[in-house]
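A.B. asks: The listed protein sequences derive, respectively, from chains A and B. According to the working numbering, the first sequence is numbered sequentially starting from 1. According to the working numbering, the second sequence is numbered sequentially starting from 1001.
Keep in mind that the hints are not guaranteed to be accurate.
[Unchecked claim] Some chain B residues judged to face chain A by a derived CB distance under 8 Å, without partners named:
no. : residue
1   : Glu-1188
2   : Gly-1193
3   : Arg-1194
4   : Gly-1199
5   : Thr-1259
6   : Asp-1261
7   : Gly-1265
8   : Tyr-1266
9   : His-1311
10  : Asp-1418
11  : Gly-1419
12  : Leu-1421
Treat the hints as calculated values from the structure; they're not laboratory data. Here the structure is a predicted model, which means the values were calculated and not measured. Here a beta-carbon is modelled for each residue, glycine too, at the ideal position from N, C-alpha and C.
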Amino acid sequence: MKHLLSIDDLSTDEILQLFETAADMHDVQSREVKKLPALRGRTVVNMFFEDSTRTRSSFEIAGKWLSADVINVSAKGSSTSKGESLRDTVLTVCAMGVDGLVIRHPASGAAVQVSQWVDAAVVNAGDGMHEHPTQALLDAYTLQRHLGSLEGRHVAIIGDLTHSRVFRSNVQCLTRLGARVTVVAPPTLMPSGIGAWSAAAGFETSYDIDAVLPEADAVMMLRVQRERMSGAFFPSAREYTVGYGLTRNRLSLLKPDVPICHPGPMNRGLEIAADAADAAQSVVLEQVSGGLAIRMAVLYHLLAGDTWGGIA
Amino acid sequence: MSLVIKGASLLGQQTRDLYVDDAGVLVDEAPSGAETIDADGLVALPGLVDLHTHLREPGREDAETILTGSQAAALGGYTAVLAMANTSPVTDTAEAATRVWELGREAGLVHVQPVGAVTRGLAGEELAELGLMHRSRAAVNVFSDDGKCVHDARVMRRALEYVKAFGGVVSQHSQDPALAGPAACCHEGELSGRLGLPGWPGIAEEVIVARDVMLARHTGSRVHVAHVSTAGSVEVLRWAKARGIEVTAEVTPHHLLLTTDLLTGYDPTYKVNPPLRPQEDVDALREALTDGTIDAVATDHAPHARHDKEHAFVDAAFGMLGIETALGVVRTALPDLSWSDVARVMSTTPARIAGLAEQGRPLEPGSPAHVVLVDPDTAVTVDRDASASLSRNNPWHGRSLTSRVVHTVYGGRVTVRDGALA
Chain A
1 MKHLLSIDDL STDEILQLFE TAADMHDVQS REVKKLPALR GRTVVNMFFE DSTRTRSSFE
61 IAGKWLSADV INVSAKGSST SKGESLRDTV LTVCAMGVDG LVIRHPASGA AVQVSQWVDA
121 AVVNAGDGMH EHPTQALLDA YTLQRHLGSL EGRHVAIIGD LTHSRVFRSN VQCLTRLGAR
181 VTVVAPPTLM PSGIGAWSAA AGFETSYDID AVLPEADAVM MLRVQRERMS GAFFPSAREY
241 TVGYGLTRNR LSLLKPDVPI CHPGPMNRGL EIAADAADAA QSVVLEQVSG GLAIRMAVLY
301 HLLAGDTWGG IA
Chain B
1001 MSLVIKGASL LGQQTRDLYV DDAGVLVDEA PSGAETIDAD GLVALPGLVD LHTHLREPGR
1061 EDAETILTGS QAAALGGYTA VLAMANTSPV TDTAEAATRV WELGREAGLV HVQPVGAVTR
1121 GLAGEELAEL GLMHRSRAAV NVFSDDGKCV HDARVMRRAL EYVKAFGGVV SQHSQDPALA
1181 GPAACCHEGE LSGRLGLPGW PGIAEEVIVA RDVMLARHTG SRVHVAHVST AGSVEVLRWA
1241 KARGIEVTAE VTPHHLLLTT DLLTGYDPTY KVNPPLRPQE DVDALREALT DGTIDAVATD
1301 HAPHARHDKE HAFVDAAFGM LGIETALGVV RTALPDLSWS DVARVMSTTP ARIAGLAEQG
1361 RPLEPGSPAH VVLVDPDTAV TVDRDASASL SRNNPWHGRS LTSRVVHTVY GGRVTVRDGA
1421 LA
């Protein structure tokens, strides 16, 4: 693996191997000295063309705990907005001897394109509405820690599917690991052509959250991305919540201890009620710590040489 | 310079010699002292006419100039091109149109016919000076806001009514801006859903085609549909033509051969407006061109400087090169299309739609000597670096295309000899 651009870049074995490495990395978090020497002498640039706090911080800490030199470049409003092409911008940064480039971009496919221009290993930290592979890995990793194997487990992904890179990566990752996935959204927030896509990829679709929740072994709520919406996708926030929100009343539909995920930031009161976000079975903060472990594992496998055998 | 074109097969049918006199007109008898072009095994067609070319001058001479675009056109077998109005400044005045026409004459390789904007600055609000552009030396007859749709129905109605006075035609870029959305860049379908690219649904084209057909019927005027891309639009055109509504339509070579699947790798070379569509649309377009529902092939040749394509896919410029390769693409997409039909859709009909009386004429005495000679049996592997265009956004690079343009003659002047600029 030279880059991590999509879940599709990973075999099932590689995903499971990443989880094993992540479990080791997870242990580092409880050490007094949170430092491994694995990436000493390596330089990682976090190049974010779009605002992000949690993902950027997670990659930054992951790199630093592995002893890499980590630089953050907030590329939003920088050279590309002055007319420079994306290619020139990333080539300029990479000319400084970068080993790994973690890229977040508001345009789908940007990370794929960048990987064709640079020699550095590229990690897709979210590209437009396309993919967010480390988020999917951390979600699956978190769920696996709760549920054991995901084989045959039923995961409901609910919310703004059209604009969600988290959904696009998760549906690949979870089905790859043997989970049964049902996605739920109003028709206006279902991606175009999802009928053919779901049939080919082996997941299910539904408009009825109340029918899906009682069957779910895990629930993944997605943020309603109002900033990406240029049209009338639903009549009102109130109607969305009534139709598709994980409300306090709907918590009672869930089987006991069903983990509730959310990639954050949460719109409390819109797609998820505070009671659900703060419920005992909410794993939102575990996703964050698991995310750090996953990103350490990804950087380690990409940058520490031929190391698919686990950490020393 | 007089010419004898020896042994050409006219429209792939009877073989005979063509004689061109010093004035650049086809004549009955061999002129004395004429240069001879050996056309044995070559098919002779009237010089090709492109209804839809972007030459980028004025404003973006780093991407193309009228000279380099003319060179590319000649290499593609063209003797006339219609230069779209979305330059900078926009071709929306008689002066601007005349300047483009003059630069075309100076280049002298093809007839460069300016297209005038329908609305001032392509803003879609006020009519440009349509009549003055028509009365200028450039004699503008085709008007288009191409790149943008004249989406206000009232403005479109007025434009259609106004150009009736002088027999003009409005060429529409059919794209409902609300239905397509501001970021639309990929055919809306399963692939756009998976790739997370903003979709450009076929219906956004079809509703405008349907509306404009009805406006043409209402006004009794002529509307031309630029770069038709969907099976639904074809249905509307078929319906309209059956009722005698004055509508014509063009299809690009790339919409006859390439499909939306090419976007899987996010390569902006394949980003074009309207977007590449699925195979079922491509099939419908081929059928419609063959049966005459679609009247013409037009290249939508859209050169872009390299840096304008080296952005993230949604931010990269729309468009691809096409004028040097159009004939080969059409022959590759539709190998059973007769040479007569190739001449009809790439020369005769486009010339008629554009009102270019000197172009697209039968190759017989009395016609201006605008001729292209094609080797039908040689395939060409496209090399983007061998292009005369200043740009390299060539979707055909590395592909093998059927038929090779060997010689082009424009008004009796050989502009391309043995596949190279003369």
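A.B. asks: Are the hints correct? Go through all of them and say.
C.D. replies: Going down the list of hints, with the structure as the test:
1. With a cut of 8 Å, the hint placing Glu-1188 (chain B) at the interface with chain A holds, because the nearest CB-to-CB distance is about 5 Å.
2. Taking 8 Å as the C-beta cut-off, the interface hint given for Gly-1193 (chain B) holds, the closest approach to chain A being about 3 Å.
3. With a cut of 8 Å, the hint placing Arg-1194 (chain B) at the interface with chain A holds, because the nearest CB-to-CB distance is about 6 Å.
4. Hint status for Gly-1199 (chain B) relative to chain A: holds, with the closest Cβ pair at about 5 Å, below 8 Å.
5. With a least beta-carbon distance of about 14 Å to chain A, the hint placing Thr-1259 (chain B) at the interface is violated under the 8 Å criterion.
6. Residue-level restraint check for Asp-1261 (chain B) is violated (minimum Cβ-Cβ distance to chain A is 13 Å; threshold 8 Å).
7. At its closest, the beta carbon of Gly-1265 (chain B) sits 7 Å from a beta carbon of chain A; the interface hint therefore holds under the 8 Å criterion.
8. For Tyr-1266 (chain B), the interface hint holds, since its Cβ comes within 8 Å of a Cβ in chain A; the closest pair sits about 3 Å apart.
9. The interface hint given for His-1311 (chain B) is met, as the beta carbon of that residue sits about 5 Å from the closest beta carbon of chain A, less than 8 Å.
10. A hinted interface residue such as Asp-1418 (chain B) counts as satisfied when its beta carbon comes closer than 8 Å to some beta carbon of chain A; here the least separation is about 37 Å, so the hint is violated.
11. Among the interface hints, the one on Gly-1419 (chain B) is violated; its C-beta lies about 32 Å from the nearest C-beta in chain A, farther than the 8 Å criterion.
12. Contact between Leu-1421 (chain B) and chain A, as hinted, is not supported at the beta carbon level, the nearest pair being about 31 Å apart and thus beyond 8 Å.
The structure does not agree with the numbered hints 5, 6, 10, 11, 12 stated previously, though it agrees with the rest.
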